[in-house]
Amino acid sequence: MTLLKDYLNQWATFEDERLYLLKKLDSSIMKAMLKNNIPLDEVKKSIRDNSSLCQGKSFIAIKKYIDSFEHDIQPSETKPTTRDYNDYKQKYMPRIFDFYVQKETKIMQILQKKGYKLIDIKNIITENTPLLKDIDISLSEKLTYFSKLNINYIKKITDINKAKETYMIELNNFKLRHTNFKLNLYYDAKIAFSMYYEKNYDLSTIEELLAKYTQNSHAKQPEYTNAIINFVKEHTHLYHQLTNTNIIKPQNTKEKYIKYLNEYLKNTLTKSLTPLGEKQIIKRLLSEGADNTEVLNVIKAFSPVVREIGRKKNYADTIVNLASEDIVKAQNHLKKVYDIFKQKTQNLPQNPDNLAYCLLAKEMILEGCYPEYVVKIFNEKIYSSKDKTAYYIVKSAQNNIKAEREIAEFICPDKLCNMTLDEINNKHISLKDVYKDAIKERILSYPNTKLNLSDEYIDIDASIKLLNRYPGINKNELAHIIRETSARMQLPEIPQDYPKLVIEKAAKKLAEVFHYDKTQEEQKKELKEDYQLEVAINDATINNTDNDEEYIKCDYRAALSFIKKGIEENDIKNIIAEEQSTRNNKDALENFKYAEYITSIAKKINTRQLNIINVLDTKNNRPTVENMYKTHMKELYQKTNLFNQDMEINAAMYMLYKDIKKEDIALTLTKYSPHAVEPNHSSLSYINKAIIYNAQQKLTIELEKRREFAKKTLVDKDINNLYSKYYSDYKENIDLPFDMIADTIIAANIIKAGFKLKDTLDVVASQSPNLTNISNENISKYGQQIEIILNKLTNTLNDTKVQKHNLAHTLTLTNEQEAN
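In this text, residue positions in the sequence shown follow the working numbering: the first is 1, and each later residue adds one.
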C-alpha cells in the first residue's frame, strides 16, 4: 500500500466525525446570520454557495440538507455588521483547527509506527489534508494550521507582476530611508535576497525581474543579473549553514557568535541579520570577556552581513568599534539609573506594593532610564531574579506611558460631542476615538488633567459623558474600550473588573445628577439583559454539541456570577425561569423547577469555592488530604482568579506526587471540589477518568521532564549564579513542587560542573526557598540531608517511578533521623 493510500484510509476512519463537524459549522453560521437579522433566503444562498457539503450535490439534496437546520431564530434589533459567510466562519476556526490538528497528529503517529518517514508524511499532509478541501482558508490561516503540525508550508510565488510590485515597494523604502539615494548592485542584491529568502519568490521569477525590470540604468546584462542570482544562492546557503548549526555549549567565540546569531533571529522573529542586530551580538560577546581582535576575526570570517555584495570593506572594523563604544555608554547609563533609583525610593510609601513600584518605574523611564536597566535594578534591589515580576512591573509602566501618550496626543477632526451615536457609526468612527475625545475635552478645560491621566476619575468622567450623550450605548462594548484604552488599566493591582466598576460608578453619578429613579420593571429588564450577556459570554467559551447540556452550563455559570454580585436568590430564579420559557414550550412550573435546580448548583459551587478561598494556612499543622487539596487549589486560584478543570487536574497531580492514594483523592474531590458539583461531574467514574487519569499522565510527563532536567548542563563561573540558573530553569519548565529532591538534583549538576561538595551544599542550602529559617546550623543540617540523598540519586533517576518514590522515602528517613 502506498503512503498516500494509507493516509487517506486513516482519514476515512474519522469520516463521521468530520462530516458532523462540518454540518455543525453550517448550522451555527446559519443560526448566527439569522440572529443578525439577515433574511432566510440570503442565508440559505450563502450556505449553498460556501459550504463544502453542498458542493457537487443536486439542488434537491442541497435543499434537504439546508432545511434540516433550525430556521425559527429570533432576530436581534441591530443591523447586521456583515453578511459574509466567511466572516461568521472565523469564530469557529480555532475549534475546527483543533479537530483537524488532533486527527492529523494521530495519523502521523500511526504512519510513523508503520515505518514511513516523517518528512514524507508531512509532504503528503501538505498536499492532501482534507482541511483544504473542506474549508476555504487564507494563506495566513494555512501557515497557522501547518505550523501547529510543525510543517513548514512555503508556496513559491511566480507571478512576475506581483514581483515587480514588491520590487518597487522595496526600492521606494530604500529611497525614503536614505537621502541622496542612488540605486546600485548592493541595493538590487538586497532586494533580490529578501524576495527569495524572506518573501518566497521563485528564483527564476527574480532572475526575469532583474533582467527585464531593474531600475539600475547602468546595469550590464546578463552579467549584472547573473552576479546577483549567484549571490542570492550563496547567501542563502550561508544562512542555511548558520541556522542549521545547533550549538548547545559553545566552546569559543566563533561558536558563541553562531549560537547568539540564531537566538537573535529567533527572538526577533526575523530571517536575516542586520548591522544593528549584529552589533547586539558583538556587544554580548564583548560583555562576556571576548577580545576585540578575536571578535573582529570571527565577524570577518562568518558574518553574513560582511558577505553582502557591495558591503563596505571597513564594515567589520566599524561595527566592532561601535559595539565597544556602546558598552562604555551603557556602563555610564547604568550608573545614572542607580543614582535615580536611590533618589526616587526615598519617596516610596512605607509598605510599597506592585502599583507603587510600577509608578516608580514609570518616573524613572520618563527621566530617561532604559527599561531593561530598570528591570535589572528592580531584580537586584526589590524582587527576586528567580521570577519575572520585575519585567512585568516595568512592562506595565511602559504600557501605561504609551496609553497616556496616545490620549494626550489624540486629535479628532470631527466634533463628536455634537454628533449622535448613529452619525458616529455611519462615519465609521471607532468608539475608542469617542472615548479618547471625551478625555481630551477635560484636558482642554483643565490642562492639569494631563498630569493625572491614570487616575480613576478620568475614566469615570469620560464614561459619564458617553452614557449621558448616547443613552443607547452598549455597556459591554464600552467596558471593552475602557479595558483597551484606559491608562489606569495598564497598571498592576488594578482588578480585571475595573471597567465594569467604572461604568457602575458613572451610571450612579449620572443617576444622582438627574435624580433618576428606576422603576421595578426597568430594574428587572436591566437584570435580564445582564443575565443574557452572562449566558452569551459563557456560550462563547463552551465547546458542546448538546444544546440542553450547553444551556445548563451557561445558566449555572451565569447564576454563579449573579450570586457573587449579591443579587437576591429569588430574582435569579425568576430570570432563569423566564429565560428558559423562551427556549421551550413547557409550563411556568416546570421552568421554575429548572431555575431552582440551576440556582442550587450555582450555590453549591459558590460555597465550595468560598471554602477554598477562605482556607486557613496549615503549614504548622499535620496536613489532611482535605487541607492539602484546598490549600493547593487556593494557591492556583490566587494566580489566575479562576476555577477550572485544569486546576483540579493540577491539584490531583500534586496529591499523587505526595503519595496520596487515588481512592482518597477521588473521595476528596467528591466532597470538596467545585468542579465535581457540576452536572455529570460528581461520579467517581468521571473523577477517575477526567481528573485523576489526566493527573497521572501529567505527573508522568513532569517526572520525565525532571529526569531530563537532571541531565541538563548549565554553565556559569559563579556557583551562586549557577544555582539561580538551575532554579529558574526548573521553575519555568517543570510543574512540580520545588522541594528537597529538586535541590538535590541541582546539587548533583553543580558538582558535575566541577565545584566542591562542601561549597555546593552550602550554596544550595543558603539559596534554597525550602529553607526559610536561615542560620549556620540549619544550613549545615539541610546540606547534610542533601548529601544523604545525593548518594542514592544516580540509581533512582534511571527510572521515573522509582525516582519519585525512592527519593521521597529517603527524605522521610532523613527527617526521622534528624528528629531522633
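Keep in mind that a hint or two might mislead.
Pair ranges (Cβ atoms, derived) [to be verified]:
1) Arg483 - Ser52: 14 to 24 angstroms
2) Leu296 - Asp339: 51 to 61 angstroms
3) Leu667 - Glu406: 19 to 29 angstroms
4) Thr607 - Ile411: 28 to 38 angstroms
5) Ile411 - Glu704: 37 to 47 angstroms
6) Lys509 - Asn721: 25 to 35 angstroms
7) Asn733 - Ser147: 42 to 52 angstroms
8) Asp729 - Cys417: 52 to 62 angstroms
9) Asn354 - Ser775: 39 to 49 angstroms
10) Thr268 - His428: 29 to 39 angstroms
11) Arg483 - Asn720: 38 to 48 angstroms
12) Glu626 - Pro737: 27 to 37 angstroms
Simulated from the structure, these hints should not be mistaken for laboratory data.
A virtual CB, placed ideally from N, CA and C, is assigned to each residue, including glycine.
- request: Check each numbered hint from earlier against the structure, then list the numbers of those it violates in ascending order.
  value: Hint check: 1, 2, 3, 4, 5, 6, 7, 9 and 12 fail, others pass.
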